[in-house]
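*Asks:* As a plain string of letters, each chain reads:
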Amino acid sequence: MDWLEQELKSALARKDPPPGFAERVGEAIDRASPGAASKAGPIASRRVIAWPSRVAQRWLAAAAAAVILMIGGGVGYRWHRGIVAKRQVMQAFLIAGGQLNHLHAHLKEVSQ
Amino acid sequence: MTATVLEPPAKTALDFAGLMHQHQAMVFSVAYHYLHNRDLAQEVAQEVFLGLHRNLAGIQSPAHAAFWLRKVAVQRSIDEGRRRMRRPQVALEDVAEPAVAAAPGDPLLGEILRKLIATLADAPRMVMILRYQEDLDPMEISELLGIPLATVKSHLQRSLALLREKLARRGLGER
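Residue numbers (this note's numbering), protein chains in the order written: chain A, 1 to 112; chain B, 1 to 175.
Among these hints, one or two may not hold up.
Counterexamples of contact, computed for chain B against chain A with all Cβ distances above 12 Å [as the list claims (entries may be wrong)]:
id: 1; residue: 50
id: 2; residue: 53
id: 3; residue: 63
id: 4; residue: 150
Take a look, some chain B residues computed to stay more than 10 Å from chain A by CB distance [to be verified]:
id: 5; residue: 39
id: 6; residue: 62
id: 7; residue: 78
id: 8; residue: 80
id: 9; residue: 119
id: 10; residue: 160
id: 11; residue: 164
Partial chain B-side listing against chain A, Cβ under 8 Å, derived [what the hints assert, rightly or not]:
id: 12; residue: 20
id: 13; residue: 24
id: 14; residue: 29
id: 15; residue: 36
id: 16; residue: 109
id: 17; residue: 110
id: 18; residue: 163
Since the hints were derived computationally from the structure, they do not count as laboratory data. Note that the Cβ used here is the ideal one computed from N, Cα and C, for glycine as well.
Please put together the full structure from these sequences, using the hints given.
*Replies:* Take a look at the structure:
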């Protein structure tokens with residue numbers, strides 16, 4: 001084995017996966033077959049709350065953004081409907097007031 | 001109780017955890033050296049162990065498990081590489097030119113070699129990984145990948161020649 005092959009062996013030496021790998025696998029097993037993981041032994045039983053995977057993080061962020069948008073939209077819509085209703089009530093009062101004034105004036109004329 | 005009798009033996013449970021602890025570096029490294037992407041390699045390794053958990057009943061011995069894991073890790077890595085078209089992301093031009101010639105055992109030389117391997121075509125890249133990471137001989141690689149022995153030897157020779165040439169061009173030739 002020459003120097004290049006030695007270097008290749010060193011460069012391609014096995015590396016451990018990032019910390020928490022076993023826990024993530026345990027979680028994936030739980031998701032894939034609920035209940036089965038407990039039979040699989042220590043991985044599931046020693047699992048702590050694992051940080052969600054990158055894909056799960058993206059989905060959670062998207063879901064959170066959607067919920068915030070829905071709540072914000074709902075609050076905004078209700079506020080807008082309140083303003084419209086207030087305007088309509090004010091307009092109704094103005095119309096009713098005008099008609100009452102007119103009726104009052106008419107009754108005054110008749111009584112005189 | 002009858003229910004207890006129907007439960008799978010506790011030995012299987014211990015085996016899975018043990019197998020994972022024993023082989024996680026092998027599975028992860030095959031995917032990492034092939035895909036040159038840590039996150040993707042982790043996803044592939046996770047899928048491989050999920051597959052092992054599903055097929056645990058069919059695994060007859062620790063040696064069988066090691067063979068199964070290596071084979072599936074190789075296949076999943078190749079599939080993922082094809083699916084995501086990772087290879088063009090490490091173009092030869094992207095491999096850093098060292099300012100100072102790297103010495104043997106130098107982490108810089110290791111990184112250059114890993115990047116150069118990432119520029120190889122699919123089949124030679126996996127052959128090189130199995131030869132130098134897994135220390136398999138050409139016959140074992142031929143059986144694992146299902147390709148002729150002559151092809152494996154040819155991939156090894158050509159890849160080594162190519163690496164030597166590229167390293168020499170960067171002033172990292174034979175010492």
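*Asks:* Of all the hints given earlier, name the ones this structure violates by number, lowest first.
*Replies:* The structure breaks hints 1, 2, 5, 10, 11, 15; every other hint is satisfied.
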